[in-house]
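Produce the complete structure using the sequences and hints provided.
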Amino acid sequence: MSDTSRLSTVEKLGFGMGDAACGIVYSSVTMFLTYFYTDIYGLSAAAVGTMFLLTRILDAVSDPLTGILADRIKTRWGHFRPWLIWFAIPYAVMAVLTFTTPDFGHTGKLIYAYLTYTGLMLTYTLINIPYCALGGVITGNEQDRLSAQAWRFSISSIAGLAVSVGTLYLVDWFGKNNQQLGYQMTMGVMGIIAVVMLVLCFFNTKERITPIAESNESIISDLKNLWANDQWRIVAIITFFSSMAGVLRGAATMYYATYLMTGSTVTTAASTGMKSAFITTSVVGSILGAMIAGYFAKRFRAVSLFKNINLLLVLAGVIMFFVPPTWLDVVFPLYFIIGFLHQMYQPFKWNMMANAADYGEWKTGRRITGLSFSGNLFMLKLGMAFAGALVGFSLGWFGYQAGSAVQTPLATTGIILMLTLAPSASYLVLWLLSLFYKLDDKFMAKIQADLAQRKGAVAKDEKEIVTFIPEKVVS
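So the sequence shown is numbered by the numbering used here: it starts at 17 and just counts up by one.
FYI, nobody ran anything at the bench for these hints, they're computed from the structure.
Idealized CB from N, CA, C, for every residue including glycine.
Some clues are possibly wrong.
[Said to hold, decoys possible] In silico DSS-like links for lysine-lysine, alpha-carbon gap of 27 Å or less:
{"no.": "1", "residue 1": "K240", "residue 2": "K462"}
{"no.": "2", "residue 1": "K365", "residue 2": "K454"}
{"no.": "3", "residue 1": "K379", "residue 2": "K90"}
{"no.": "4", "residue 1": "K458", "residue 2": "K323"}
{"no.": "5", "residue 1": "K462", "residue 2": "K365"}
{"no.": "6", "residue 1": "K323", "residue 2": "K379"}
{"no.": "7", "residue 1": "K454", "residue 2": "K314"}
{"no.": "8", "residue 1": "K323", "residue 2": "K454"}
{"no.": "9", "residue 1": "K90", "residue 2": "K314"}
{"no.": "10", "residue 1": "K379", "residue 2": "K458"}
{"no.": "11", "residue 1": "K314", "residue 2": "K458"}
{"no.": "12", "residue 1": "K462", "residue 2": "K222"}
{"no.": "13", "residue 1": "K125", "residue 2": "K222"}
{"no.": "14", "residue 1": "K462", "residue 2": "K314"}
{"no.": "15", "residue 1": "K379", "residue 2": "K240"}
{"no.": "16", "residue 1": "K222", "residue 2": "K379"}
{"no.": "17", "residue 1": "K365", "residue 2": "K314"}
{"no.": "18", "residue 1": "K458", "residue 2": "K365"}
{"no.": "19", "residue 1": "K314", "residue 2": "K222"}
{"no.": "20", "residue 1": "K379", "residue 2": "K365"}
{"no.": "21", "residue 1": "K454", "residue 2": "K240"}
{"no.": "22", "residue 1": "K365", "residue 2": "K323"}
{"no.": "23", "residue 1": "K222", "residue 2": "K365"}
{"no.": "24", "residue 1": "K379", "residue 2": "K454"}
{"no.": "25", "residue 1": "K365", "residue 2": "K240"}
{"no.": "26", "residue 1": "K462", "residue 2": "K379"}
{"no.": "27", "residue 1": "K222", "residue 2": "K90"}
{"no.": "28", "residue 1": "K323", "residue 2": "K462"}
[What the hints assert, rightly or not] Simulated restraints, written as ranges between beta carbons of each label pair:
{"no.": "29", "residue 1": "R22", "residue 2": "G415", "range": "51 to 59 Å"}
{"no.": "30", "residue 1": "G415", "residue 2": "N194", "range": "23 to 31 Å"}
{"no.": "31", "residue 1": "V422", "residue 2": "F219", "range": "47 to 55 Å"}
{"no.": "32", "residue 1": "F219", "residue 2": "A62", "range": "29 to 37 Å"}
{"no.": "33", "residue 1": "S24", "residue 2": "H122", "range": "48 to 56 Å"}
{"no.": "34", "residue 1": "S420", "residue 2": "Y185", "range": "52 to 60 Å"}
{"no.": "35", "residue 1": "S24", "residue 2": "L70", "range": "40 to 48 Å"}
{"no.": "36", "residue 1": "A62", "residue 2": "K458", "range": "46 to 54 Å"}
Structure follows, in C-alpha coordinates:
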(Lines of atoms letter the chains of each structure in order from A and count residues from 1; the text may use other names and numbers.)
(Lines give C-alpha, C1' and ligand atoms only; values in the text may rest on other atoms or scores of the structure.)
Protein backbone atom coordinates (compact mmCIF):
# COMPACT_ATOMS: atom_id res chain seq x y z
CA MET A 1 0.00 0.00 0.00
CA SER A 2 1.36 3.41 -0.97
CA ASP A 3 0.80 6.52 1.14
CA THR A 4 2.17 9.86 -0.01
CA SER A 5 1.38 11.78 3.20
CA ARG A 6 3.67 14.74 3.86
CA LEU A 7 5.81 14.68 6.98
CA SER A 8 5.89 17.47 9.54
CA THR A 9 9.16 18.95 10.75
CA VAL A 10 8.51 17.43 14.19
CA GLU A 11 8.22 13.95 12.70
CA LYS A 12 11.37 14.37 10.63
CA LEU A 13 13.17 15.54 13.77
CA GLY A 14 11.80 12.60 15.74
CA PHE A 15 12.84 10.19 13.01
CA GLY A 16 16.35 11.64 13.04
CA MET A 17 16.60 11.13 16.80
CA GLY A 18 16.47 7.37 16.24
CA ASP A 19 19.59 7.36 14.10
CA ALA A 20 21.32 9.77 16.46
CA ALA A 21 20.76 7.24 19.26
CA CYS A 22 22.29 4.50 17.14
CA GLY A 23 25.01 6.82 15.90
CA ILE A 24 26.28 7.86 19.32
CA VAL A 25 27.39 4.33 20.07
CA TYR A 26 28.22 3.37 16.47
CA SER A 27 30.47 6.44 16.14
CA SER A 28 32.22 5.54 19.39
CA VAL A 29 32.82 2.01 18.11
CA THR A 30 34.06 3.24 14.73
CA MET A 31 36.30 5.98 16.09
CA PHE A 32 37.63 4.54 19.31
CA LEU A 33 36.99 0.82 19.90
CA THR A 34 39.94 -0.57 17.91
CA TYR A 35 42.26 1.89 19.64
CA PHE A 36 40.60 1.13 22.99
CA TYR A 37 41.14 -2.60 22.56
CA THR A 38 44.80 -2.32 21.50
CA ASP A 39 46.10 0.62 23.55
CA ILE A 40 43.81 0.68 26.62
CA TYR A 41 42.55 -2.87 27.08
CA GLY A 42 45.81 -4.50 25.96
CA LEU A 43 44.69 -6.88 23.19
CA SER A 44 46.92 -7.53 20.20
CA ALA A 45 45.98 -5.98 16.86
CA ALA A 46 45.74 -9.42 15.23
CA ALA A 47 43.42 -10.69 17.99
CA VAL A 48 41.20 -7.63 17.57
CA GLY A 49 41.08 -8.12 13.80
CA THR A 50 40.06 -11.76 14.17
CA MET A 51 37.43 -10.88 16.77
CA PHE A 52 35.88 -8.19 14.58
CA LEU A 53 35.71 -10.57 11.63
CA LEU A 54 34.12 -13.45 13.53
CA THR A 55 31.72 -11.50 15.75
CA ARG A 56 30.51 -9.20 12.99
CA ILE A 57 29.83 -12.10 10.63
CA LEU A 58 27.86 -13.80 13.42
CA ASP A 59 26.04 -10.55 14.12
CA ALA A 60 25.32 -10.05 10.43
CA VAL A 61 23.42 -13.35 10.37
CA SER A 62 21.01 -11.91 12.93
CA ASP A 63 20.07 -9.06 10.59
CA PRO A 64 17.78 -10.95 8.19
CA LEU A 65 16.27 -12.88 11.11
CA THR A 66 15.38 -9.58 12.79
CA GLY A 67 13.91 -8.26 9.57
CA ILE A 68 11.79 -11.38 9.10
CA LEU A 69 10.48 -11.09 12.66
CA ALA A 70 9.77 -7.37 12.30
CA ASP A 71 7.76 -7.99 9.12
CA ARG A 72 5.65 -10.61 10.92
CA ILE A 73 5.19 -9.10 14.39
CA LYS A 74 2.33 -6.58 14.26
CA THR A 75 1.39 -4.43 17.26
CA ARG A 76 -0.97 -1.50 17.66
CA TRP A 77 2.09 0.75 17.17
CA GLY A 78 3.03 -0.94 13.90
CA HIS A 79 5.69 -3.41 12.81
CA PHE A 80 8.85 -1.43 13.53
CA ARG A 81 8.44 1.34 16.12
CA PRO A 82 8.03 -0.92 19.21
CA TRP A 83 11.51 -2.37 18.81
CA LEU A 84 12.99 1.04 19.65
CA ILE A 85 11.43 0.87 23.12
CA TRP A 86 11.92 -2.83 23.75
CA PHE A 87 15.70 -2.80 23.36
CA ALA A 88 16.72 0.76 24.29
CA ILE A 89 17.94 -0.05 27.81
CA PRO A 90 19.73 -3.34 26.91
CA TYR A 91 21.51 -1.39 24.16
CA ALA A 92 22.76 1.23 26.62
CA VAL A 93 23.90 -1.41 29.12
CA MET A 94 25.87 -3.32 26.48
CA ALA A 95 27.57 -0.10 25.36
CA VAL A 96 28.92 0.42 28.88
CA LEU A 97 29.99 -3.22 29.27
CA THR A 98 31.85 -3.17 25.95
CA PHE A 99 34.02 -0.28 27.13
CA THR A 100 34.60 -1.86 30.56
CA THR A 101 37.98 -3.46 31.34
CA PRO A 102 37.77 -6.28 33.92
CA ASP A 103 41.04 -7.41 35.47
CA PHE A 104 41.34 -10.74 33.66
CA GLY A 105 44.25 -12.50 32.03
CA HIS A 106 44.72 -12.20 28.27
CA THR A 107 42.42 -15.14 27.49
CA GLY A 108 39.77 -13.88 29.90
CA LYS A 109 39.98 -10.40 28.42
CA LEU A 110 39.55 -11.79 24.92
CA ILE A 111 36.53 -13.90 25.90
CA TYR A 112 34.98 -10.89 27.65
CA ALA A 113 35.57 -8.73 24.58
CA TYR A 114 33.94 -11.34 22.33
CA LEU A 115 30.87 -11.62 24.57
CA THR A 116 30.29 -7.93 25.20
CA TYR A 117 30.98 -6.78 21.66
CA THR A 118 28.67 -9.47 20.27
CA GLY A 119 25.99 -8.40 22.76
CA LEU A 120 26.38 -4.76 21.77
CA MET A 121 26.08 -5.53 18.06
CA LEU A 122 23.06 -7.78 18.67
CA THR A 123 21.14 -5.10 20.58
CA TYR A 124 22.19 -2.58 17.94
CA THR A 125 20.70 -4.89 15.31
CA LEU A 126 17.43 -5.32 17.20
CA ILE A 127 17.00 -1.53 17.19
CA ASN A 128 18.63 -0.48 13.94
CA ILE A 129 16.97 -2.98 11.57
CA PRO A 130 13.41 -1.93 12.53
CA TYR A 131 14.50 1.72 12.64
CA CYS A 132 15.89 1.60 9.11
CA ALA A 133 12.75 -0.18 7.89
CA LEU A 134 10.70 2.58 9.55
CA GLY A 135 12.21 5.03 7.06
CA GLY A 136 10.55 3.10 4.26
CA VAL A 137 7.04 3.19 5.73
CA ILE A 138 6.59 6.66 7.24
CA THR A 139 5.67 8.04 3.80
CA GLY A 140 5.59 7.08 0.15
CA ASN A 141 6.27 10.64 -1.00
CA GLU A 142 9.65 10.55 -2.77
CA GLN A 143 10.79 14.06 -1.80
CA ASP A 144 9.61 13.75 1.80
CA ARG A 145 11.28 10.36 2.11
CA LEU A 146 14.56 11.84 0.91
CA SER A 147 14.05 14.85 3.18
CA ALA A 148 13.52 12.56 6.17
CA GLN A 149 16.77 10.76 5.34
CA ALA A 150 18.57 14.10 5.09
CA TRP A 151 17.22 15.10 8.51
CA ARG A 152 18.24 11.70 9.82
CA PHE A 153 21.85 12.01 8.74
CA SER A 154 22.10 15.67 9.74
CA ILE A 155 20.99 14.87 13.29
CA SER A 156 23.08 11.71 13.39
CA SER A 157 26.12 13.69 12.25
CA ILE A 158 25.54 16.22 15.02
CA ALA A 159 25.54 13.30 17.45
CA GLY A 160 28.77 12.13 15.82
CA LEU A 161 30.18 15.62 16.30
CA ALA A 162 29.38 15.44 20.00
CA VAL A 163 31.19 12.10 20.15
CA SER A 164 34.25 13.35 18.28
CA VAL A 165 34.51 16.59 20.25
CA GLY A 166 33.54 15.36 23.67
CA THR A 167 34.67 11.76 24.04
CA LEU A 168 38.37 12.24 24.72
CA TYR A 169 37.73 15.22 27.01
CA LEU A 170 35.09 13.24 28.94
CA VAL A 171 37.49 10.30 29.20
CA ASP A 172 40.14 12.58 30.69
CA TRP A 173 37.61 14.30 32.98
CA PHE A 174 35.99 11.13 34.31
CA GLY A 175 39.15 9.06 34.44
CA LYS A 176 41.73 11.65 35.47
CA ASN A 177 44.75 9.32 35.07
CA ASN A 178 42.58 6.22 34.62
CA GLN A 179 41.52 5.99 30.97
CA GLN A 180 39.79 2.65 31.54
CA LEU A 181 37.38 4.26 34.00
CA GLY A 182 37.09 7.30 31.76
CA TYR A 183 35.87 5.30 28.76
CA GLN A 184 33.42 3.32 30.91
CA MET A 185 31.82 6.42 32.44
CA THR A 186 31.73 8.24 29.11
CA MET A 187 29.82 5.37 27.51
CA GLY A 188 27.40 5.44 30.44
CA VAL A 189 26.53 9.05 29.62
CA MET A 190 26.12 8.22 25.93
CA GLY A 191 23.93 5.23 26.75
CA ILE A 192 21.51 7.38 28.77
CA ILE A 193 21.30 9.94 25.95
CA ALA A 194 20.65 7.14 23.44
CA VAL A 195 17.71 5.80 25.48
CA VAL A 196 16.10 9.25 25.63
CA MET A 197 16.49 9.73 21.87
CA LEU A 198 14.95 6.33 21.08
CA VAL A 199 11.92 7.18 23.21
CA LEU A 200 11.53 10.50 21.37
CA CYS A 201 11.74 8.72 18.02
CA PHE A 202 9.05 6.23 19.07
CA PHE A 203 6.56 8.89 20.16
CA ASN A 204 7.09 11.26 17.22
CA THR A 205 6.83 8.91 14.23
CA LYS A 206 4.03 6.97 12.57
CA GLU A 207 3.94 4.00 10.20
CA ARG A 208 1.76 4.83 7.19
CA ILE A 209 2.67 2.34 4.48
CA THR A 210 1.36 -1.19 4.94
CA PRO A 211 1.35 -4.16 2.56
CA ILE A 212 -1.41 -4.10 -0.06
CA ALA A 213 -2.67 -7.29 1.55
CA GLU A 214 -1.36 -9.23 4.52
CA SER A 215 0.32 -12.46 3.44
CA ASN A 216 1.16 -15.74 5.11
CA GLU A 217 3.93 -16.57 2.67
CA SER A 218 6.80 -18.65 4.01
CA ILE A 219 10.20 -17.29 4.94
CA ILE A 220 11.72 -19.19 2.00
CA SER A 221 9.24 -17.50 -0.33
CA ASP A 222 10.16 -14.09 1.08
CA LEU A 223 13.86 -14.79 0.60
CA LYS A 224 13.21 -15.82 -3.01
CA ASN A 225 11.25 -12.62 -3.59
CA LEU A 226 14.10 -10.60 -2.09
CA TRP A 227 16.68 -12.26 -4.32
CA ALA A 228 14.45 -11.73 -7.36
CA ASN A 229 14.78 -7.99 -6.70
CA ASP A 230 17.76 -7.11 -8.90
CA GLN A 231 17.86 -3.51 -7.65
CA TRP A 232 18.00 -4.69 -4.05
CA ARG A 233 21.03 -6.82 -4.91
CA ILE A 234 22.84 -3.80 -6.35
CA VAL A 235 22.00 -1.61 -3.35
CA ALA A 236 23.09 -4.38 -0.96
CA ILE A 237 26.55 -4.54 -2.55
CA ILE A 238 26.71 -0.74 -2.48
CA THR A 239 25.97 -0.91 1.25
CA PHE A 240 28.84 -3.38 1.77
CA PHE A 241 31.47 -1.20 0.12
CA SER A 242 30.13 2.00 1.66
CA SER A 243 30.47 0.39 5.08
CA MET A 244 33.99 -0.77 4.20
CA ALA A 245 35.02 2.77 3.28
CA GLY A 246 33.58 4.36 6.41
CA VAL A 247 34.98 1.81 8.87
CA LEU A 248 38.45 1.73 7.31
CA ARG A 249 38.73 5.50 7.49
CA GLY A 250 37.12 5.76 10.92
CA ALA A 251 39.29 3.08 12.52
CA ALA A 252 42.49 4.51 11.03
CA THR A 253 41.74 8.08 12.10
CA MET A 254 42.74 7.67 15.75
CA TYR A 255 46.05 6.03 14.81
CA TYR A 256 46.76 8.69 12.17
CA ALA A 257 46.09 11.53 14.60
CA THR A 258 47.93 9.89 17.50
CA TYR A 259 51.12 8.70 15.83
CA LEU A 260 51.49 10.74 12.66
CA MET A 261 50.16 14.17 13.67
CA THR A 262 50.94 14.42 17.41
CA GLY A 263 53.87 12.04 17.48
CA SER A 264 53.13 10.92 21.04
CA THR A 265 50.71 8.69 22.89
CA VAL A 266 50.99 10.70 26.11
CA THR A 267 47.60 12.08 27.15
CA THR A 268 48.19 15.82 27.32
CA ALA A 269 45.93 18.76 26.58
CA ALA A 270 47.86 19.34 23.34
CA SER A 271 47.64 15.77 22.02
CA THR A 272 44.02 15.39 23.09
CA GLY A 273 43.18 18.67 21.41
CA MET A 274 44.91 17.67 18.17
CA LYS A 275 43.17 14.30 18.00
CA SER A 276 39.77 15.74 18.84
CA ALA A 277 40.22 18.56 16.32
CA PHE A 278 41.15 16.17 13.53
CA ILE A 279 38.23 13.82 14.19
CA THR A 280 35.88 16.78 14.60
CA THR A 281 36.95 18.26 11.26
CA SER A 282 35.53 15.27 9.42
CA VAL A 283 32.38 15.19 11.53
CA VAL A 284 31.65 18.89 10.94
CA GLY A 285 32.01 18.19 7.24
CA SER A 286 29.61 15.27 7.67
CA ILE A 287 26.97 17.47 9.29
CA LEU A 288 27.14 20.04 6.50
CA GLY A 289 27.14 17.30 3.86
CA ALA A 290 23.99 15.70 5.25
CA MET A 291 22.27 19.07 5.62
CA ILE A 292 22.97 20.15 2.07
CA ALA A 293 22.04 16.80 0.49
CA GLY A 294 18.34 17.68 0.35
CA TYR A 295 19.09 21.03 -1.30
CA PHE A 296 21.05 19.37 -4.10
CA ALA A 297 18.48 16.57 -4.45
CA LYS A 298 15.82 19.14 -5.36
CA ARG A 299 17.98 20.56 -8.15
CA PHE A 300 19.85 17.55 -9.50
CA ARG A 301 19.07 13.89 -10.04
CA ALA A 302 19.91 11.88 -6.93
CA VAL A 303 21.47 8.98 -8.85
CA SER A 304 23.80 11.33 -10.76
CA LEU A 305 24.79 13.02 -7.51
CA PHE A 306 25.61 9.64 -5.95
CA LYS A 307 27.89 8.74 -8.88
CA ASN A 308 29.74 12.06 -8.96
CA ILE A 309 30.24 12.25 -5.20
CA ASN A 310 31.95 8.86 -5.17
CA LEU A 311 34.33 9.92 -7.94
CA LEU A 312 35.25 13.01 -5.92
CA LEU A 313 35.87 10.82 -2.86
CA VAL A 314 38.25 8.64 -4.88
CA LEU A 315 40.19 11.73 -5.93
CA ALA A 316 40.29 13.23 -2.41
CA GLY A 317 41.65 10.00 -0.92
CA VAL A 318 44.39 9.71 -3.55
CA ILE A 319 45.46 13.32 -2.97
CA MET A 320 45.55 12.86 0.81
CA PHE A 321 47.79 9.79 0.45
CA PHE A 322 50.55 11.96 -1.00
CA VAL A 323 50.18 14.78 1.55
CA PRO A 324 52.51 14.49 4.58
CA PRO A 325 50.47 14.22 7.84
CA THR A 326 52.38 17.17 9.28
CA TRP A 327 51.04 19.50 6.57
CA LEU A 328 48.13 20.43 8.77
CA ASP A 329 46.97 23.31 6.57
CA VAL A 330 46.31 20.77 3.80
CA VAL A 331 45.37 17.67 5.79
CA PHE A 332 42.57 19.33 7.77
CA PRO A 333 40.72 20.79 4.73
CA LEU A 334 41.09 17.50 2.84
CA TYR A 335 39.67 15.52 5.73
CA PHE A 336 36.81 17.99 6.02
CA ILE A 337 36.00 17.50 2.32
CA ILE A 338 36.08 13.70 2.67
CA GLY A 339 33.70 13.82 5.63
CA PHE A 340 31.44 16.27 3.77
CA LEU A 341 31.20 14.11 0.65
CA HIS A 342 30.88 10.78 2.46
CA GLN A 343 27.91 11.94 4.50
CA MET A 344 26.37 13.87 1.64
CA TYR A 345 25.68 10.67 -0.29
CA GLN A 346 24.28 8.76 2.71
CA PRO A 347 20.67 10.06 2.35
CA PHE A 348 20.76 9.07 -1.31
CA LYS A 349 22.01 5.58 -0.45
CA TRP A 350 19.32 4.96 2.18
CA ASN A 351 16.67 6.35 -0.11
CA MET A 352 17.89 3.85 -2.70
CA MET A 353 17.13 1.11 -0.16
CA ALA A 354 13.57 2.38 0.35
CA ASN A 355 13.10 2.63 -3.41
CA ALA A 356 14.37 -0.93 -3.83
CA ALA A 357 11.74 -2.12 -1.32
CA ASP A 358 9.01 -0.35 -3.32
CA TYR A 359 10.40 -1.81 -6.53
CA GLY A 360 10.33 -5.28 -4.97
CA GLU A 361 6.65 -4.90 -4.07
CA TRP A 362 5.90 -3.57 -7.55
CA LYS A 363 7.75 -6.47 -9.18
CA THR A 364 6.67 -9.41 -6.97
CA GLY A 365 3.44 -8.19 -5.35
CA ARG A 366 4.88 -8.85 -1.88
CA ARG A 367 6.11 -6.05 0.42
CA ILE A 368 8.95 -7.19 2.69
CA THR A 369 10.30 -3.90 4.01
CA GLY A 370 11.88 -5.36 7.15
CA LEU A 371 13.64 -8.15 5.28
CA SER A 372 14.76 -5.76 2.54
CA PHE A 373 16.36 -3.34 5.00
CA SER A 374 17.75 -6.10 7.20
CA GLY A 375 19.38 -7.64 4.15
CA ASN A 376 21.10 -4.34 3.52
CA LEU A 377 22.11 -4.12 7.16
CA PHE A 378 23.49 -7.65 6.82
CA MET A 379 25.76 -6.36 4.07
CA LEU A 380 26.63 -3.31 6.17
CA LYS A 381 27.72 -5.59 9.01
CA LEU A 382 29.74 -7.75 6.62
CA GLY A 383 31.45 -4.59 5.42
CA MET A 384 32.19 -3.66 9.02
CA ALA A 385 33.50 -7.17 9.67
CA PHE A 386 35.90 -7.23 6.75
CA ALA A 387 37.02 -3.63 7.26
CA GLY A 388 37.58 -4.13 10.99
CA ALA A 389 39.51 -7.32 10.35
CA LEU A 390 41.53 -5.63 7.61
CA VAL A 391 42.52 -2.82 9.97
CA GLY A 392 43.60 -5.24 12.69
CA PHE A 393 45.48 -7.56 10.34
CA SER A 394 47.10 -4.64 8.51
CA LEU A 395 48.34 -3.08 11.73
CA GLY A 396 49.97 -6.38 12.62
CA TRP A 397 51.37 -6.96 9.14
CA PHE A 398 52.83 -3.44 8.91
CA GLY A 399 54.52 -3.89 12.29
CA TYR A 400 52.44 -1.51 14.40
CA GLN A 401 53.55 -1.41 18.06
CA ALA A 402 50.83 -0.28 20.48
CA GLY A 403 52.06 2.42 22.85
CA SER A 404 55.30 3.08 20.99
CA ALA A 405 55.84 6.83 20.71
CA VAL A 406 57.46 6.42 17.28
CA GLN A 407 56.20 3.94 14.69
CA THR A 408 58.34 2.41 11.94
CA PRO A 409 58.12 3.84 8.41
CA LEU A 410 56.31 0.66 7.32
CA ALA A 411 53.71 1.02 10.08
CA THR A 412 53.28 4.69 9.21
CA THR A 413 52.67 3.81 5.57
CA GLY A 414 50.10 1.20 6.59
CA ILE A 415 48.14 3.70 8.68
CA ILE A 416 48.13 6.21 5.82
CA LEU A 417 46.96 3.54 3.36
CA MET A 418 44.03 2.58 5.58
CA LEU A 419 42.96 6.22 5.90
CA THR A 420 43.27 7.15 2.23
CA LEU A 421 43.73 4.64 -0.61
CA ALA A 422 41.82 1.73 0.93
CA PRO A 423 38.60 3.78 1.28
CA SER A 424 39.19 5.27 -2.18
CA ALA A 425 39.17 1.77 -3.67
CA SER A 426 35.75 1.19 -2.09
CA TYR A 427 34.42 4.49 -3.42
CA LEU A 428 35.55 3.50 -6.91
CA VAL A 429 33.56 0.27 -6.63
CA LEU A 430 30.53 2.28 -5.48
CA TRP A 431 30.74 4.41 -8.61
CA LEU A 432 30.89 1.31 -10.81
CA LEU A 433 27.90 -0.27 -9.06
CA SER A 434 25.82 2.89 -9.39
CA LEU A 435 25.98 2.51 -13.16
CA PHE A 436 23.62 -0.47 -12.84
CA TYR A 437 21.06 1.23 -10.56
CA LYS A 438 17.96 2.17 -12.57
CA LEU A 439 15.44 3.50 -10.01
CA ASP A 440 15.56 7.14 -11.04
CA ASP A 441 12.84 9.73 -10.35
CA LYS A 442 10.86 8.88 -13.49
CA PHE A 443 10.82 5.14 -12.81
CA MET A 444 9.90 5.65 -9.15
CA ALA A 445 6.96 7.89 -10.10
CA LYS A 446 5.60 5.06 -12.25
CA ILE A 447 6.11 2.54 -9.42
CA GLN A 448 4.29 4.72 -6.89
CA ALA A 449 1.40 5.30 -9.31
CA ASP A 450 1.07 1.58 -10.02
CA LEU A 451 1.15 0.69 -6.31
CA ALA A 452 -1.50 3.32 -5.56
CA GLN A 453 -3.67 1.90 -8.33
CA ARG A 454 -3.32 -1.62 -6.93
CA LYS A 455 -4.20 -0.33 -3.47
CA GLY A 456 -7.35 1.24 -4.85
CA ALA A 457 -8.33 -1.98 -6.59
CA VAL A 458 -7.84 -4.04 -3.43
CA ALA A 459 -9.78 -1.52 -1.33
CA LYS A 460 -12.66 -1.64 -3.83
CA ASP A 461 -12.75 -5.44 -3.75
CA GLU A 462 -12.73 -5.47 0.06
CA LYS A 463 -15.58 -2.93 0.17
CA GLU A 464 -17.68 -5.05 -2.19
CA ILE A 465 -17.09 -8.14 -0.06
CA VAL A 466 -18.11 -6.32 3.11
CA THR A 467 -21.21 -4.68 1.65
CA PHE A 468 -22.52 -7.82 -0.05
CA ILE A 469 -24.73 -9.58 2.53
CA PRO A 470 -26.68 -12.57 1.18
CA GLU A 471 -30.39 -12.71 1.97
CA LYS A 472 -31.30 -15.09 4.72
CA VAL A 473 -32.72 -18.33 3.34
CA VAL A 474 -36.04 -19.20 5.01
CA SER A 475 -36.86 -22.89 5.04
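Against the structure, the hints:
1. K240 to K462: Between K240 and K462 the Cα gap is close to 24 Å, so the pair holds against 27 Å.
2. K365 to K454: 13 Å, holds
3. K379 to K90: 24 Å, holds
4. K458 to K323: 18 Å, holds
5. K462 to K365: 20 Å, holds
6. K323 to K379: 25 Å, holds
7. K454 to K314: 19 Å, holds
8. K323 to K454: 12 Å, holds
9. K90 to K314: With Cα atoms ~35 Å apart, K90 and K314 exceed 27 Å; violated.
10. K379 to K458: 16 Å, holds
11. K314 to K458: 14 Å, holds
12. K462 to K222: Roughly 25 Å separates the two Cα atoms, so the pair holds.
13. K125 to K222: Roughly 43 Å between the alpha carbons, so the hint for K125 and K222 is violated.
14. K462 to K314: 19 Å, holds
15. K379 to K240: 12 Å, holds
16. K222 to K379: Measuring from Cα to Cα gives roughly 26 Å; hence the hint holds.
17. K365 to K314: Holds, at roughly 16 Å.
18. K458 to K365: Roughly 17 Å separates the two Cα atoms, so the pair holds.
19. K314 to K222: Holds, at about 25 Å.
20. K379 to K365: 21 Å, holds
21. K454 to K240: With Cα atoms ~21 Å apart, K454 and K240 stay inside 27 Å; holds.
22. K365 to K323: 11 Å, holds
23. K222 to K365: 22 Å, holds
24. K379 to K454: 14 Å, holds
25. K365 to K240: Satisfied, since the Cα-Cα distance of roughly 23 Å is no more than 27 Å.
26. K462 to K379: Since the Cα atoms of K462 and K379 sit roughly 12 Å apart, the hinted pair holds (cutoff 27 Å).
27. K222 to K90: The given pair, whose Cα atoms are some 14 Å apart, holds under the 27 Å limit.
28. K323 to K462: Holds. K323 to K462 sits at ~23 Å (cutoff 27 Å).
29. R22 to G415: 51 to 59 Å: Taking Cβ atoms as reference, R22 and G415 lie about 57 Å apart, which means the hint holds.
30. G415 to N194: 23 to 31 Å: 29 Å, holds
31. V422 to F219: 47 to 55 Å: Given range 47 to 55 Å: holds, Cβ gap about 53 Å.
32. F219 to A62: 29 to 37 Å: 45 Å, violated
33. S24 to H122: 48 to 56 Å: 54 Å, holds
34. S420 to Y185: 52 to 60 Å: 25 Å, violated
35. S24 to L70: 40 to 48 Å: This hint holds: roughly 44 Å between Cβ atoms.
36. A62 to K458: 46 to 54 Å: 50 Å, holds
In summary, the numbered hints that this structure violates are 9, 13, 32 and 34.
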